[in-house]
Every structure is written in structure tokens, then in C-alpha cells.
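S.K.: Each chain, written out:
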Amino acid sequence: MSVLTLTVDGIEVAVPAGSTLLAAVRAADAELPTLCHLDGLTPVAACRLCLVEVEGSGKLQPACATAAVEGVVIQTQTPQLREYRRMAVELFFAEGNHVCAFCVANGACELQDVAVAVGMDHSRFPYQYPQRQVDASHPLFALDHHRCILCTRCVRVCDEIEGAHVWDVAHRGAECQIIAGLDQPWGEVEACTNCGKCVDVCPTGALFDKDDTTAEKQPHRERPALLRRARDQQHWQNQ
Amino acid sequence: MTAPQSLQLRCCDASGCRSAGAGALHAALLQARDQLGGAAEGVAIKPVGCLRLCGRGPLVALDRPGSGGIYAGLTPEQAPELLAVAAGLSHGLADQRLGPDHPFFALQQPVVLEGCGRVDPTSIDDALAMGTYGQLQRVLAECTPEQVREQVKRSGLRGRGGAGYPTGLKWDTVALQPAGLRYVVCNADEGDPGAFMDRSVLESDPHRLIEGLAIAAYAVGAQQGYVYVRAEYPLAIERLQLALKQARARGLLGAGIAGSSFNLRLEVRVGAGAYVCGEETALLASIQGQRGTPRPRPPFPAQSGLWGHPTLINNVETLAAIPAIIREGGDWYGAMGTAGSKGTKVFALSGAVANTGLVEVPMGTSLRTVVLTIGGGVPGGEGPDGGVKAVQTGGPSGGCIPAALLDTPVDYESLRQLGSMMGSGGMVVMGESTAMPAVARHFMRFSVAESCGKCVPCRAGTVQLLELLDRFAEHRASLADLERLEQLCGMVQATSLCGLGQAAPNPVLSTLRHFRQEYQAACRAPQLCEPLTSCSLEAKGP
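Protein chains in written order, with our numbering: chain A, 43 to 281; chain B, 74 to 615.
Calculated directly from the structure, the hints in this document are not laboratory data.
Since the model is a prediction, treat every value here as computed from it, not as a measurement.
Beta carbons: idealized from backbone N, C-alpha and C, even for Gly.
One or more hints might be untrue.
Said to hold, decoys possible - What follows is a set of in silico ranges between Cβ atoms, one per label pair, in the way DEER data are often shown:
hint	chain 1	residue 1	chain 2	residue 2	range
1	A	P121	B	G327	51 to 61 angstroms
2	A	E217	B	H515	48 to 58 angstroms
3	A	E232	B	Q363	49 to 59 angstroms
4	B	R597	A	E73	48 to 58 angstroms
5	A	E73	B	E340	20 to 30 angstroms
6	A	G223	B	P599	30 to 40 angstroms
As the list claims (entries may be wrong) - Partial selection, computed: residues in chain A whose CB lies under 10 angstroms from chain B:
hint	residue
7	A88
8	M129
9	F134
10	H207
11	D210
12	L268
Said to hold, decoys possible - Negatives, chain A to chain B, calculated, CB over 10 angstroms:
hint	residue
13	E97
14	T108
15	Q122
16	A233
17	R273
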């Protein structure tokens with residue numbers, strides 16, 4: 043396998059050809075927050091937290107969706123990037139209704155983790171307090187739209203790993219929301235296999251197990267990567 | 074071009090004049106000709122596309138040896154009089170007549186619009202008589218795809234959709250991909266407020282676009298193409314569909330075009346109202362039947378577009394310029410315009426301006442010429458700048474250029490340097506009473522409504538920008554708001570996923586740059602703002 047050599051924040055790293063910039067950043071042990079990205083799912087570059095400076099390119103590039111190139115030099119921690127990241131996280135908090143204190147994912151929430159990582163102690167942008175709904179029509183799980191950050195992990199895991207494509211995005215702009223089936227109550231969508239992968243990958247407390255109460259959510263965000271690897275390497279043919 | 078019939082009335086039948094009553098006028102003219110008889114019998118009455126001075130419709134052009142011109146603002150009751158004028162029996166309607174020396178027409182140089190208002194858009198025979206499809210047939214018989222691309226490269230033509238990417242280079246990139254399927258796509262999802270160039274081409278001369286698209290397909294080796302038109306253009310869609318049907322029936326589309334071995338299928342795809350679908354990757358997703366949202370580039374559509382195949386996407390105006398470039402040669406086209414921006418550009422001139430309509434001028438023409446000479450300035454406006462306060466170019470992605478810079482040549486680089494952009498060609502003139510923070514708010518509202526919602530800077534950042542702009546427009550901003558506005562504009566610009574989000578702050582940034590004092594005046598303690606310096610947090614008001 044051919045190898046690419048890159049420089050991340052001054053550290054030289056080697057990654058296999060075909061890797062993303064994010065893989066190189068991780069190889070350099072640099073701290074780069076991500077929200078929409080999840081190993082095992084197709085990158086969408088929507089949360090903009092993993093934007094990095096690529097030397098010679100005028101535009102910031104999303105590390106999750108940009109192919110690594112031999113010899114490229116990237117910066118992940120410039121003051122400008124840190125400021126943009128903090129503003130992005132503030133925008134996430136201000137556009138939804140995120141109340142950690144009684145959230146099912148408190149302590150196991152990636153949005154919370156990212157807020158700590160970027161040093162966001164308050165939002166400079168006024169909270170929008172949007173009117174959103176809760177869908178508890180499914181027998182096992184529930185969806186609280188107030189906590190949704192539209193990362194579309196659920197959409198992708200259901201489509202790409204489970205193959206059921208229960209989830210999708212409807213509407214536009216600030217009105218965007220995740221919908222089940224043809225914008226039906228989740229419990230009425232016959233395509234749903236009750237597998238719970240969407241709950242496992244949700245970065246926040248938007249999708250959760252009905253058995254869980256405040257701060258009890260235990261996500262399994264490595265599940266898509268494990269399943270994809272098993273599928274790609276045909277683990278089940280060993281028996 | 075054929076010689077016009079000796080006596081002919083060309084009646085504008087495009088959207089602008091239709092909404093001003095062109096239908097009734099046309100019917101009245103036909104009726105009047107029957108009633109008058111005699112000399113009026115010899116006057117041909119032909120429906121055509123846009124006659125360009127849209128603000129004064131309904132328009133009728135009179136072709137008559139020695140005299141002639143365009144008659145504006147006609148009523149059905151004036152139909153007999155107009156026929157009498159056409160037949161040489163009267164000299165009436167003089168105050169509604171605009172001669173070819175009228176400044177609105179005299180300085181224009183039609184290339185893309187050369188058939189616009191001359192050809193009957195519903196008749197392929199008329200188009201063929203005007204020479205349309207002649208270049209396609211010649212190219213198929215005589216030229217290799219490389220030779221076609223060479224002419225386009227020599228022309229220096231750049232994408233007219235807004236970004237200004239060199240067209241010849243894009244064609245080469247698609248053509249030189251590894252062998253396999255290729256697609257061509259015409260982007261007719263013209264959505265900028267104040268832009269109606271592409272609609273006019275589609276409504277007025279659809280066969281020219283089809284010819285340009287077919288030449289492009291031949292040049293890059295595509296056998297399938299799509300024209301993506303927004304649903305808000307029903308007349309354009311109707312005429313394009315008709316034109317495609319006619320071209321297929323004449324063997325100018327389909328298998329073995331004009332006796333050659335070149336095949337091309339063209340289909341229309343109608344958008345569903347999303348502005349973002351004018352962004353090329355969102356447009357491709359929409360053609361594929363998916364949600365119209367952009368994706369990160371690279372890979373660019375030229376490498377991986379429709380269903381993963383190399384895809385050429387060009388705007389209507391770009392493709393409509395191709396037949397003339399092939400006919401006259403790339404050097405001919407490249408001789409017009411400026412060093413970096415060749416050829417001509419069509420602008421949709423509107424707003425506070427005497428002559429509203431479609432303007433095609435060589436690149437590099439000054440804004441002053443376009444707005445004051447051709448456009449006639451602000452009605453009732455006085456002073457050296459004709460009452461103009463600013464000119465908005467590039468729609469919600471562009472910016473406002475102040476009257477003091479009216480001598481700026483209109484080309485890609487000059488506009489970008491001023492914090493605006495060429496955009497697709499919308500040009501909105503603003504008079505002295507216009508409040509610039511309100512203008513910025515207007516465009517931000519548009520961006521909020523049209524954000525696809527995929528990435529957070531555009532989805533949530535534009536909402537916050539709009540709230541900030543509300544405070545300025547309503548004169549309740551604080552000094553900290555001014556700083557926050559600039560910071561957030563910078564963040565949305567630098568971090569949004571697609572061009573729409575990246576350009577959404579431009580109307581704010583350009584008005585901040587050229588009209589900063591208006592933002593300062595909207596602060597609750599404007600006296601703390603030093604003239605034309607940025608406000609700092611330390612300078613907080615009482």
C-alpha cells in the first residue's frame with residue numbers, strides 16, 4: 043500500500059493513500075473536533091468544525107471530506123480557526139433548545155464535549171428558542187427535535203448500514219428537520235427495523251432509548267465503523 | 074440574418090410585455106389589419122421574444138424601409154393607428170416611438186441577444202432562416218471536437234452564471250477525462266432577484282440555446298444533456314419544450330444529427346423552487362432526483378458529476394454565446410471586452426432607473442454608461458450621478474457599488490475588488506432615499522429563506538445576521554452589534570459549504586464598506602463611533 047506524507051501543525055505524519063485529511067490529523071494526535079463526521083459513514087462536511095487551513099489553498103477545507111495529498115501542509119489550530127469553531131458551536135446551541143441539566147445525553151453528548159473543547163462558556167448569539175416537537179410514537183425509542191443538530195448521522199446510518207432509509211431531511215434553512223418515512227410518526231413507519239443504530243450514533247440526546255432518563259444515555263458511536271469493517275472484510279465468512 | 078420583410082410589426086410576446094398586456098395588443102393588431110384592409114394587408118405581424126425595454130411594454134417594433142423603430146406603452150385602442158403608421162398612412166404615435174438612436178438601444182451590442190426580438194421563438198423555420206443550427210451543422214461536418222474547444226478557448230469566454238470560470242478550460246477538463254459516459258447540463262435556474270437574462274433568452278430564442286448546448290456536447294463528447302429550468306418560468310419551459318420537439322423532428326437532436334454520427338438526447342428538468350439548486354452540485358443532485366443540497370468540491374462536476382460521470386455545466390447565457398463564437402471565430406469574440414473579461418455581457422437593469430430592461434454591452438463598459446446613459450438614471454434624479462446612490466450587482470451574492478464609483482468598468486475583477494461581483498447579471502439601481510442597512514437586511518432575508526440548511530454557518534449564521542441587521546434597520550443597534558456583525562459575516566463567508574453561504578454576507582460587507590456611516594448612525598450612541606473607523610467593544614455606550 044502506498045503511503046502519503048503530510049505535515050499537520052508542524053508534525054510530519056504518514057497515512058495510507060486514499061486517506062482523508064482527518065485521518066492525517068488524527069495520526070498527528072491533533073485535537074480536531076467533529077460533529078457530523080462518524081467513522082463508517084459517508085462524510086457530508088456539514089458541521090464545519092473540522093475545517094483546516096491547507097497551505098496554498100485560499101479556502102478552508104473540511105478535513106473529513108478532503109483527500110490527503112502527498113506533501114501537503116495543514117494547520118488545524120490557528121487563532122482564526124479556533125474563533126470560527128467557537129462561533130459554529132455557539133450557532134448550534136443558539137439554533138436549538140439545548141438544556142443539558144435534564145437531557146438524557148448529559149455527560150455523553152458530543153455537542154457538550156465540543157463546547158468544552160472550543161472553550162464555549164456562553165453563547166454570544168441570542169437563543170432562538172424554536173418551536174419544535176417530540177416524537178415518542180416508536181415503542182422503543184423517541185426523537186426530541188429540540189436537541190437535533192441536523193448532523194444527519196441517523197439518516198446515513200439507516201441508509202448506508204441498516205439499509206432501511208427510514209430517516210431523511212425535510213424543509214429548508216432554519217426550518218430543516220429530520221423526518222421519519224414520509225414525514226410520519228416514527229412508530230408508523232413500517233420500514234423501521236427497530237435496530238436502534240440511529241440512537242447509537244446520535245451525537246446529542248435527540249434520539250434516545252425510552253428506558254433512559256436524565257444523563258443515562260449510553261451511545262455506541264463506533265457501531266457503524268465496526269459494521270462497515272465487518273462487511274468490507276467479510277468477517278461472517280469465517281464460520 | 075435574413076432581410077426583414079419590407080413591412081413588419083414585431084410584437085414582443087415575452088413575459089414582461091405579456092404582463093403589460095401584449096396579448097390583447099397582438100389580438101387588436103390582427104383584428105385591425107382585417108378591418109383596415111388595403112395597404113394594411115401588406116403589414117406582417119409577427120410575435121417575437123424580448124424587445125429589451127421591458128419597463129415600457131407592451132412593445133412593438135416596426136420594420137419599414139427608411140423609418141421604423143420601437144413603439145412603447147401601446148394600448149389595444151392604438152392598434153389601428155399603429156397599423157396605419159406601418160402602412161405609411163399616418164405619422165401618429167410619434168411620442169411613443171423610440172428610434173434606433175435612442176440611448177437605450179444605440180450603445181448596445183447584441184451577441185447573445187442578436188436573435189432576441191427578431192426571431193419567432195415558436196417557429197423553427199424562422200430560427201433556421203436566421204441561421205440558427207447552421208454552426209452546429211458546420212461543426213459536425215467540418216470540425217473536430219478539439220477545434221471547437223480551441224475556438225472557445227480563444228474567445229476568452231468566461232462562465233456567465235456568476236463565478237466567471239474560463240469556459241474553454243472547463244470544456245477541456247470534461248473532454249479530457251478518461252473515456253466513458255459524459256453529460257452536459259444547462260443551468261437555467263436563474264434565481265437572483267432582479268435577474269431575467271436567462272429567462273429572456275429562453276423565451277425569445279430557445280433554438281440558439283439548443284444549438285449552443287449541442288455544440289458543447291459535441292466538443293466534450295456527451296450524448297445526453299439536461300436543461301434545468303426553474304418552475305417559476307412557465308413560458309420559458311413551454312417554449313423550450315416546443316423548440317426541443319421541433320429540433321428532434323428536424324433531425325437536429327437525437328440519433329445521427331444532421332447526417333453525422335453524433336447523437337444527443339436533450340431533456341428538460343424543472344426545478345421545484347429552491348434557489349440553492351442554481352449551485353451546480355445541488356443542481357446535479359436535483360436532476361438525479363435527490364434533495365437539492367450542495368456537496369463539497371472537489372471532486373468537481375467536470376470530474377464527477379451526474380451519476381458519477383464527467384459533467385459539463387454551463388449557464389444559459391454562456392451557451393447562447395457559443396453559436397456566434399463558432400460562426401465569427403474565437404478571436405472576434407475575444408476582441409470585445411477587457412483583457413480579463415472578454416466579449417459582451419447581458420444585464421437585467423431594474424430598480425430606480427428610467428429605462429428598465431435587458432442590456433447587452435461589451436465587458437468593460439462603465440457602470441455610468443449602463444446606468445445613466447443606457448438606463449437614463451433615476452427618474453427625476455439630478456446632479457452628476459443622476460440621483461443614483463448605489464448600484465447593486467450580483468443579487469444576494471453581490472454587493473452595492475456607491476455612485477462615487479460609477480466610472481468602474483463592469484468586468485469580473487473590477488466588481489470583485491469593490492466587494493461586489495458580476496453575478497449572473499442582475500443590476501438594481503438605488504436612488505438617494507434608499508437606506509443601506511435595510512437593503513442588506515432585504516438580501517439577508519432572502520438568504521435565510523433560501524438556505525438549504527445543510528451547513529451550520531449558512532443555516533444558523535444567516536438567521537443571526539438577519540437579527541443583527543434588524544437592529545440596524547430599526548435604529549436600535551449597539552456598538553457591540555457592529556463588531557459582531559462583521560465577525561459573523563467573516564465566519565459565514567469563510568466557513569459555509571457552498572458559494573451561496575460564502576457569498577451571503579456580501580450585501581452586508583459591501584454596504585459596510587461603502588456606507589459604514591449609515592450603520593454607525595443606526596447605533597444608539599452614534600457619537601461614540603469615530604467616522605469611518607471600526608467600533609470597538611471598549612467604546613460601549615452609556
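S.K.: Hint validation: A/D210 versus chain B, beta carbon distance must be below 10 angstroms. Holds or violated?
M.R.: With Cβ-Cβ at 7 angstroms, under 10 angstroms, it holds.
S.K.: Does A/R273 sit more than 10 angstroms from chain B, CB to CB?
M.R.: A/R273 is indeed farther than 10 angstroms from all Cβ atoms of chain B, at 21 angstroms.
S.K.: Does the Cβ pair A/G223, B/P599 satisfy 30 to 40 angstroms?
M.R.: violated, 54 angstroms
S.K.: Say whether it holds or is violated: A/T108 keeps its Cβ farther than 10 angstroms from all Cβ of chain B.
M.R.: The assertion about A/T108 is violated, with a minimum of 7 angstroms to chain B.
S.K.: Less than 10 angstroms between beta-carbons is the criterion; does A/A88 satisfy it with respect to chain B?
M.R.: holds, 5 angstroms
S.K.: Do A/P121 and B/G327 keep their Cβ atoms within the hinted range of 51 to 61 angstroms?
M.R.: Because 59 angstroms falls inside the window, the suggested range holds.
S.K.: Taking the shortest Cβ-to-Cβ distance between A/Q122 and chain B, state whether it exceeds 10 angstroms.
M.R.: violated, 8 angstroms
S.K.: Does the beta carbon distance between A/E232 and B/Q363 stay inside 49 to 59 angstroms, or does it fall outside?
M.R.: violated, 23 angstroms
S.K.: Since A/E97 was said not to touch the interface, does its Cβ keep a gap of more than 10 angstroms from each Cβ of chain B?
M.R.: Consistent with the label, A/E97 stays out of reach of chain B, its closest Cβ about 16 angstroms off (over 10 angstroms).
S.K.: 48 to 58 angstroms was suggested as the range; check whether the CB atoms of A/E217 and B/H515 agree with it.
M.R.: Since the Cβ atoms of A/E217 and B/H515 sit about 20 angstroms apart, the hinted range of 48 to 58 angstroms is violated.
S.K.: Measuring Cβ to Cβ, find out whether A/A233 lies farther than 10 angstroms from everything in chain B.
M.R.: A/A233 is indeed farther than 10 angstroms from all Cβ atoms of chain B, at 18 angstroms.
S.K.: Taking the beta carbons of A/E73 and B/E340, is their distance inside 20 to 30 angstroms?
M.R.: violated, 49 angstroms
Comparing the model with each earlier hint shows violations of hints 2, 3, 4, 5, 6, 10, 12, 14, 15; every other hint is respected.
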